[in-house]
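4 protein chains.
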Amino acid sequence: MTDFFAGIPQIRYEGEGSSNEFAFRHYNPDEVILGKRMEEHLRFAVAWWHSFAWPGGDPFGGQTFDRPWFGDTLELAKLKADVAFEMFDILGAPFFCFHDADIRPEGATFAESKRNLEEIVDYIGTKMEGSKTKLLWGTANLFSHRRFMAGAATNPDPDVFAWSAATVKGCMDATMKLGGANYVLWGGREGYETLLNTDLTREAENAGRFLQMVVDYKHKIGFQGTILIEPKPQEPSKHQYDYDVATVYGFLKRFGLEKEVKLNIEQGHAILAGHSFEHELALAASLGILGSIDMNRNDYQSGWDTDQFPHNHPEMALAYYEILRAGGFTTGGTNFDAKIRRQSLDPEDLVLAHVGGMDTCARALKAAARLHEDGSLEKARAARYAGWETPEAKAMLASSLEEIEARVLAEAINPEPRSGRQERLENLWNRFV
Amino acid sequence: MTDFFAGIPQIRYEGEGSSNEFAFRHYNPDEVILGKRMEEHLRFAVAWWHSFAWPGGDPFGGQTFDRPWFGDTLELAKLKADVAFEMFDILGAPFFCFHDADIRPEGATFAESKRNLEEIVDYIGTKMEGSKTKLLWGTANLFSHRRFMAGAATNPDPDVFAWSAATVKGCMDATMKLGGANYVLWGGREGYETLLNTDLTREAENAGRFLQMVVDYKHKIGFQGTILIEPKPQEPSKHQYDYDVATVYGFLKRFGLEKEVKLNIEQGHAILAGHSFEHELALAASLGILGSIDMNRNDYQSGWDTDQFPHNHPEMALAYYEILRAGGFTTGGTNFDAKIRRQSLDPEDLVLAHVGGMDTCARALKAAARLHEDGSLEKARAARYAGWETPEAKAMLASSLEEIEARVLAEAINPEPRSGRQERLENLWNRFV
Amino acid sequence: MTDFFAGIPQIRYEGEGSSNEFAFRHYNPDEVILGKRMEEHLRFAVAWWHSFAWPGGDPFGGQTFDRPWFGDTLELAKLKADVAFEMFDILGAPFFCFHDADIRPEGATFAESKRNLEEIVDYIGTKMEGSKTKLLWGTANLFSHRRFMAGAATNPDPDVFAWSAATVKGCMDATMKLGGANYVLWGGREGYETLLNTDLTREAENAGRFLQMVVDYKHKIGFQGTILIEPKPQEPSKHQYDYDVATVYGFLKRFGLEKEVKLNIEQGHAILAGHSFEHELALAASLGILGSIDMNRNDYQSGWDTDQFPHNHPEMALAYYEILRAGGFTTGGTNFDAKIRRQSLDPEDLVLAHVGGMDTCARALKAAARLHEDGSLEKARAARYAGWETPEAKAMLASSLEEIEARVLAEAINPEPRSGRQERLENLWNRFV
Amino acid sequence: MTDFFAGIPQIRYEGEGSSNEFAFRHYNPDEVILGKRMEEHLRFAVAWWHSFAWPGGDPFGGQTFDRPWFGDTLELAKLKADVAFEMFDILGAPFFCFHDADIRPEGATFAESKRNLEEIVDYIGTKMEGSKTKLLWGTANLFSHRRFMAGAATNPDPDVFAWSAATVKGCMDATMKLGGANYVLWGGREGYETLLNTDLTREAENAGRFLQMVVDYKHKIGFQGTILIEPKPQEPSKHQYDYDVATVYGFLKRFGLEKEVKLNIEQGHAILAGHSFEHELALAASLGILGSIDMNRNDYQSGWDTDQFPHNHPEMALAYYEILRAGGFTTGGTNFDAKIRRQSLDPEDLVLAHVGGMDTCARALKAAARLHEDGSLEKARAARYAGWETPEAKAMLASSLEEIEARVLAEAINPEPRSGRQERLENLWNRFV
Ligand SMILES: [Co+2]
Ligand SMILES: [Co+2]
Ligand SMILES: [Co+2]
Ligand SMILES: [Co+2]
Ligand SMILES: [Co+2]
Ligand SMILES: [Co+2]
Ligand SMILES: [Co+2]
Ligand SMILES: [Co+2]
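Chains as they are written, first to last, in the working numbering: chain A, 3 to 435; chain B, 3 to 435; chain C, 3 to 435; chain D, 3 to 435.
The set of hints was computed from the structure by calculation and includes no laboratory data.
Do not take every clue at face value.
[As the list claims (entries may be wrong)] Straight-line alpha carbon distances no greater than 25 Å define the calculated SDA-like cross-link-like pairs of lysine to any residue that follow: (1) Lys240/C to Ala206/C; (2) Lys240/D to Asp348/A; (3) Lys396/A to Asp348/A; (4) Lys240/D to Asp351/A; (5) Lys261/D to Leu399/C; (6) Lys240/D to Pro70/A; (7) Lys396/A to Tyr387/B.
Model, not experiment: these values are computed from the prediction.
With the sequences and hints as input, model every part of the structure.
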């Protein structure tokens, strides 16, 4: 037991009336909603990187956090894991997520990094035995080290592809060993800085081949989790190939992988791509590739990825409504790929940021569930499209331009528009949030 | 001969030294570049809508232009056509483009609109006999009338789908009759205002079916041109389904139409979607769906579609370089989907805006061609990826994660990054523009 | 009594439990909050232009609304006024706002427009006698007619300045006659399309002189209301001079008018300028120029002014918190410069959009008032700056760089950063919304 | 002589025909333009921070550059200075710029940092004696160290204000000692992350007082250079107080400093604030506060500060045209606050990035000068506003709303709009670039 969180109590549900900062006001893991415990609906995960490995730097300044586990040794990496599991326990977090680079010290060679990873994975495995917290997903950091500066699977240098492939293998092995529910790929530097030096066709083909190898390896080792791609349009690269849900869908179709791979969708990345979060979720659900979410927002006035904890529950309710419409999470969950602000120096800040994020999500889920149960919104949607359920409409869809023109002329069709009722539906929505 | 352009001479090439406002300084249609006449490279088209049908309104104000042909009669529509062909002649424009709504008065019924269109198409056909100007593409306006307020192919009302299908048939017939080189679909209101009332799955399926009917009809009537979709991310709708090149590619793959349909890519729409124009062109070329371009820019400081004439030749050179790399236009061309500013009231403004646009494009093409001929940029690009041409790299691509890991360990692979040379390539570029 | 709103009942407060679409769930005008009736806090106003004069057009399509009062006669203008007051009554709206162009038909000459305005103002005055609804503000439309295409006070043509000055005089007279609480200037086309043809210095000086004349006339006629400028960064112009709060403050200082003029701040315009709404409010309050608000939001994914009714109460609570901190409205109020979507065709849509907007604001106000009453946020803010209340800090502020350096050296000052506690404050906030 | 730039020749002007990468094609320092040598017009400066102190990190990755001088000792700081002057010599750079943190190692205390700075300033002074390169401006880095995480002059902790004031004194002393032509303040973290913990009024007042102290100290020590503020709207902070030119103007007016302080305007920051660069320059000139420029662009598709070397000469020509209109630089100049891309690893990249930037600026200046000399644009501008030069217009400006209304009625004024001729002016522009 470290003393990092000394004095911070375990967080329990006390209800909306509580004014205790160290309590949940909305997240009540055992409360049953639409027939399922809240914990099973939300499947919260803490992100190792932002919570335990990020020093607080930004492009204009360095480290602000002093953490006793900062440094590059296996011993410090274990201390970091100790503290992480203490926080998981404080929060009652059902899941965590990690990159290799978050949990192990970088070695001088690939072999050394691999050994370091294996040792830490064993250590984490032992800790998990004494904890209720499971692994939502693992992933490989293929963007921080300078070797990845021009990409990983899409690097002009085949040796970087090789390094990356070998790294992903190790991270998939680690994820499987720790019982992970998913394996995620975020293409941090799979993109370009300038078209002038870039071969788009080759890079896409290499990325497609890389992903196929990942899928093959999953089947080979019998990993039962889901392979997930996390879209992001830009940053760090000027243009990133996994731009948004629609782009990744096209990529998966191009390489015949749309049945094998789903998406991990982040609110902040949706915003950067010019979409609302609920759009990306609804689209992925509609395309059959909705997997998991990173529930961290961007600031609407900043043009970069601020990765903040969610705090606006009506917005988040729109997201959970789409997830409920899609049937809820299967292997996926709600990861906080969120960092506390670099001025939030205290251990309390780290804990309470998660408390606020979990509460906001729980409140949003409950609102979404109420509306889902009520059914009015879906009834209104169905009514709007009811004309398409007629035999005439179905026949038209099976016909041709000429046949349709003949009917328009013969029947003197002249459609009169009907109200879209947007404000009334927004009012309906606001009855539930 | 109307007197609208009275006093405006035919525009001829006078070279860079000329200070005559009414002359081309760069566009010399007969100059041979990379083995082809400049006119055949660029294939300029004038857009009927912005040049002859737009009254100068914006969301905060109404008509600014007084044009003698404004009004809703067939007679005025013919006067408009007369003026249009006079301008084509003044500019030596090889092509024009139109929507049905630009050229014919709206009728009270579908049948009347159809008759009006047929009469005007005959009139334009006769004018084309005495003109060198051909039709680059035709299209249907499925967004201005209130019946389309909730979409055309994606409307909740099947009767609007019917009206739209019948309209497209008529416009395809007109395009074929006038010898059009392409037929374009821009999904102006194929999208949504709010997810709350929208059925994404049904709307996408109806859009897919609609496009299939268009392709079927093309083959049925033996239209030899290309079917083109024009992507745009938003405006007028909050979200438009044909968001960008990558999105439309995914849509085409989803419905098995990626061999049948290509893209008409607009600079302004690329910008709105968060991309550079050259990105969209390079991506479309890489995916085999580059068709034609709308060479009108948006203002970088405005968040809506300003549809301005191009005026920055180094930027445009990046675009033409991608087109040259892709082998140049086949059926496509350079359309100006550009409107003069609503304060540009005079006939001279309309003519000179086109002169400036054509000159900017010609200057850009010449710069791009010089660099293309020089070959240095392509040599640098090939060198950057040369490692992928080795047998070892090819073997790696055909192998698996495990085999690659074994090799990384065995050979102690440890890649050292190499400079991406972005600034040097930008300098190289600047030698040619 | 027209039949436009036939069947729509008067809207009454029924409380959160109500599922009646035609009821307020949060807005209870007589409920006392922080010692003042809710109606007096919020001072809601209906905007004549969007609600009664806008036909539903956008840059890609025309009229969608069929209103019996559309047309250019005095008779129709009176019918429009009748309907407007019927809606004010249905909503129990305490205020309305208008432009001259919303309420009177445009005449062929200035004199005729003036007579039309006077006749309609008399008509409205009579209606107000039988109504509880008052005038929050009047304003002049100096942007829709083509004469204003290059600006009003900043037009290159002195005759347009003259027309604009005369028009504002008439609108100020009308506002005074109708007992308006404020007079607003929004510089719709006071800006430029291109710097190439613009004389920034002259245009600013003319704008300053124009505003001085407005202030002089206010004093001359004894108008007791507040003169307000409404900032907006762009649209319709590429650049608008009244960009944001900070810009207008500089303009007022430049012309010595910062004591005479305050601001009417719109959420949508704040967003367009890259600010949060609460930023603009807090800044205006800090500068002593907070006057009134236009509580209509923009869509975060659209780059233009969507003027939607507010629907996210936690966001609006941030706004009302700043207003409460500033002491609440004096002459200002909450105007809905909001338009229903162009697909919202029905009279119910128009009424219910206002109901939803009013309810969202009331809910936000109540949350803000609870936090204000609680005081925790202000206590935390004061604690953060407590160091500045010490005599040493005050002495330092009165000293010089050299004296400070001497002290830093002498006392070996070495400041240790303290947590900014952002997430904890966001959690605190969320306890109240 | 270090060997860092071994093999890189001194860069000389060879003219447009040259294909030598290591030559200027446009920058010819001695060429006379509008009566002044090109070098004196442009006054190029190399930025110490990006060129010699930046390790290549970004928010998703660490150091990419290996530089022999990286490290925290005085010896390495001197090596860095040696290399810097070697590059100044290679480029023939007339100026450089620095922050304290770029040139000296950070000490454990203020006193130690001060001593380090003094030692390095002496060292640089000695190097300057043997060099033609002068100091364009010095500045203090008040944003990178964690002590500044909540601001410098606007920090809630008075001790940070003290540290900052003492630091600025030292940097002003250093700048004066090295003969600097200006002293710059960029408010890196003068702003906020969240309004919830921020006291806008107090922070502004402290910032105003801080600036007054800087001005007082300037006069006290007899510094003849200009005090410059560099505006930026955001990044690193969510909101930065020195948002843009208009905002800083208002701030200066508020504290009575508009005659004492001018602006250093950066293209990238203009873009982030929603303005074109030329807008910010023209506005500053119009307000009498145009001082100097940072000629580094942002990427139009990225929402953060990319600080790239300029490469689009027509855009830059718009900037230099405004500078020429304003009479050219006096103490100011053209600083490259630009960093090579993090993939540009080689010494050649660093040199050639500057060569490209200088050439782009020179080409732009020459184009702007040709248009300036030609005079057509200014003639067109004057003609557009000619009406304001009449006695009637001047009398109107001196009159009142009532007098104007009387005249509008009496003379039946009815202004007819005239073309703004935007496209024709853009064509004119394009004749010169
Ligand atoms: Co992110
Ligand atoms: Co993420
Ligand atoms: Co467009
Ligand atoms: Co277009
Ligand atoms: Co607005
Ligand atoms: Co407004
Ligand atoms: Co910058
Ligand atoms: Co700068």
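Structure-based check of all given hints:
As the CA atoms of Lys240/C and Ala206/C are separated by approximately 16 Å, the hinted pair is consistent with the 25 Å bound. As the CA atoms of Lys240/D and Asp348/A are separated by approximately 21 Å, the hinted pair is consistent with the 25 Å bound. As the CA atoms of Lys396/A and Asp348/A are separated by approximately 62 Å, the hinted pair breaks the 25 Å bound. Among the hinted pairs, Lys240/D with Asp351/A is consistent with the structure: their alpha-carbon atoms are about 19 Å apart, no more than 25 Å.
Between Lys261/D and Leu399/C, the direct Cα distance comes to roughly 22 Å. Compliance with the 25 Å bound is thereby established for this hinted pair. A hinted pair counts as satisfied when its Cα atoms are at most 25 Å apart, and Lys240/D with Pro70/A does not qualify at roughly 29 Å. In summary, the hint linking Lys396/A to Tyr387/B is not supported, as the alpha carbons are separated by about 52 Å, beyond the 25 Å threshold.
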